[in-house]
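Heads up, the sequence shown is in the working numbering, so the first residue is 3 and it goes up one at a time.
Zero decoy hints are in this set.
Distance ranges between label pairs, derived from CB positions:
{"id": "1", "residue 1": "R34", "residue 2": "T71", "range": "50 to 58 Å"}
{"id": "2", "residue 1": "P63", "residue 2": "K127", "range": "49 to 57 Å"}
{"id": "3", "residue 1": "E65", "residue 2": "Q29", "range": "50 to 58 Å"}
{"id": "4", "residue 1": "R113", "residue 2": "A67", "range": "49 to 57 Å"}
{"id": "5", "residue 1": "G54", "residue 2": "R95", "range": "53 to 61 Å"}
{"id": "6", "residue 1": "A72", "residue 2": "L122", "range": "31 to 39 Å"}
Here are the simulated BS3-like pairs of lysine-lysine, each with C-alpha atoms no more than 30 Å apart in a straight line:
{"id": "7", "residue 1": "K91", "residue 2": "K111"}
{"id": "8", "residue 1": "K127", "residue 2": "K111"}
{"id": "9", "residue 1": "K109", "residue 2": "K127"}
{"id": "10", "residue 1": "K136", "residue 2": "K109"}
{"id": "11", "residue 1": "K62", "residue 2": "K73"}
{"id": "12", "residue 1": "K149", "residue 2": "K91"}
{"id": "13", "residue 1": "K149", "residue 2": "K109"}
{"id": "14", "residue 1": "K127", "residue 2": "K91"}
{"id": "15", "residue 1": "K111", "residue 2": "K136"}
{"id": "16", "residue 1": "K149", "residue 2": "K136"}
{"id": "17", "residue 1": "K149", "residue 2": "K111"}
{"id": "18", "residue 1": "K91", "residue 2": "K136"}
{"id": "19", "residue 1": "K91", "residue 2": "K109"}
Note that these hints are calculated values from the structure, not bench results. A virtual CB, placed ideally from N, CA and C, is assigned to each residue, including glycine.
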Amino acid sequence: MEGAAASSEGLRYAEYARVPTGAGKGQAELDRGLARTMIAVGLGVATVAFAGRYAFHLWKPLEQAITETAKRISTSSLSSYYKGGFEQKMSRREASLILGVSPSAGKAKIRTAHRRIMILNHPDKGGSPYLATKINEAKDLLESTAKN
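Taking the hints into account, I'd like the entire structure generated from these sequences.
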């Protein structure tokens, strides 16, 4: 009975007992298998490293090309507003850009545009005195050369 109890207890714990991985193999074969695994892992890491290095070398010219393309497609070409400061001496072109009328517009159209812009930019309403001066200068220049 005692032998049967010992064998049943042995069977009960048999599934938890650690079975050596190399059951039937020698220690030399285990070492070779481990060496092959380590070599495969090392080659995989080296491959990833070389691929990353290649990608970084490739990225620099691509980064320059993307930057140049972004500069060509500037936001000023996408905007309908005039970009730039005021000229030293105001021209008819600049005056018409300020008021938003054509350089050959009539006096009535110039006055209407001036009134509309001055309402938005008047210094008493929080607008800039400098811009108000430029708007008035544009109106005076265009009215002096306008017909009607």
